[in-house]
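Turn these sequences into a full structure, and let the hints steer you where they fit.
Protein chains: 2
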Amino acid sequence: MSGYAPSEAARRSGFSLDTLRYYEKIGLLADVERTAGGQRVFTDDDLGWLVLFRCLRDTGMPIAQMRRYAQLARDGEHTTDERHELLCHHAARVEEQMRLLQRQYDHLREKIRFYERLSGTAPGSEAG
Amino acid sequence: MSGYAPSEAARRSGFSLDTLRYYEKIGLLADVERTAGGQRVFTDDDLGWLVLFRCLRDTGMPIAQMRRYAQLARDGEHTTDERHELLCHHAARVEEQMRLLQRQYDHLREKIRFYERLSGTAPGSEAG
DNA sequence: CTCCAACCTGGAGCGCGCTCCAGGTCAAGC
DNA sequence: GCTTGACCTGGAGCGCGCTCCAGGTTGGAG
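Going down the list, the sequences are from chains Y and D. Just so you know, we're using the UniProt record's numbering here: the first sequence kicks off at 1 and counts up by one. Just so you know, we're using the UniProt record's numbering here: the second sequence kicks off at 1 and counts up by one.
Hints listed in this document are in silico derivations from the structure and should not be mistaken for laboratory results. Careful, some of the hints might be misleading.
You can't tell identical chains apart in this list, so a pair holds if it fits in one copy or across any two.
Claimed, not checked - Derived SDA-like pairs (lysine to any residue); straight-line CA-CA distance at most 20 Å:
id: 1; residue 1: Lys25; residue 2: Arg93
id: 2; residue 1: Lys111; residue 2: Cys88
id: 3; residue 1: Lys25; residue 2: Gln97
id: 4; residue 1: Lys111; residue 2: Leu86
id: 5; residue 1: Lys111; residue 2: Gln65
id: 6; residue 1: Lys25; residue 2: Ile112
Below, the structure written as structure tokens:
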């Protein structure tokens, strides 16, 4: 159960085939195993990395930094401190990002309330 | 107190001069007043729009949609319903965005905890 | 054995949102 | 009046993260 065709890896990870190839090309995903004929075979380990990449990407980490993290992991056990630090710094940035997003969301909600006061009765009750 | 030089508008809005010119060029910001010599003079109203644009941009609204909103506002009172709807739809997307960000942040925190369990004692107490 | 969908490669192209540049103009201070 | 720094324009360029393409290969089904 640990050998996935490219299309299956794409389906499971939510990345496109092109993105998977791109990630390997730029050295984000380590060299993926191949069949005798040269076609990629993704392992569960690869899939695990892709889940992590999605997490980091969704939280706004630049690819260069993901690459650095992946490289550190490949470099072995003695890089765990640096990896930990990298993730902590990133988490701090994400927290800031969340605070900003919340603040601007509140601002947006206020703007929406302005329109709702204008019209007297709201036309629908779409957004809670 | 309602006439700001470009550099002052940039300082107050947090957008660069180039961005202010760009926003006017693409019709996001309505035509800005000029001196006899052709230099821009931003009003408090312009500044208000810039605050809104920052809110929308920070929450991930594409420029095309901001343009649409700005155009509706210029079109007059009879577009308030559509503007309201546009903001509501956006707010819903922002909520989804916040949920995703929170979920991935939790995932990230879990990963960080993994490293902290590895090293036994955490090296520092940087991030709460 | 044949077929054809899925896969391969290197490299070009794209969409977004700016950002920078050259070459010229404006206007406030001395 | 002169200087100088802020400003003007149109248009090219950039950085990111993919996305698409041409032209060729692979490999499982029938």
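Of the hints given before, which are not true for this structure?
-> Result: hints 1, 3 and 6 break, sorted rising.
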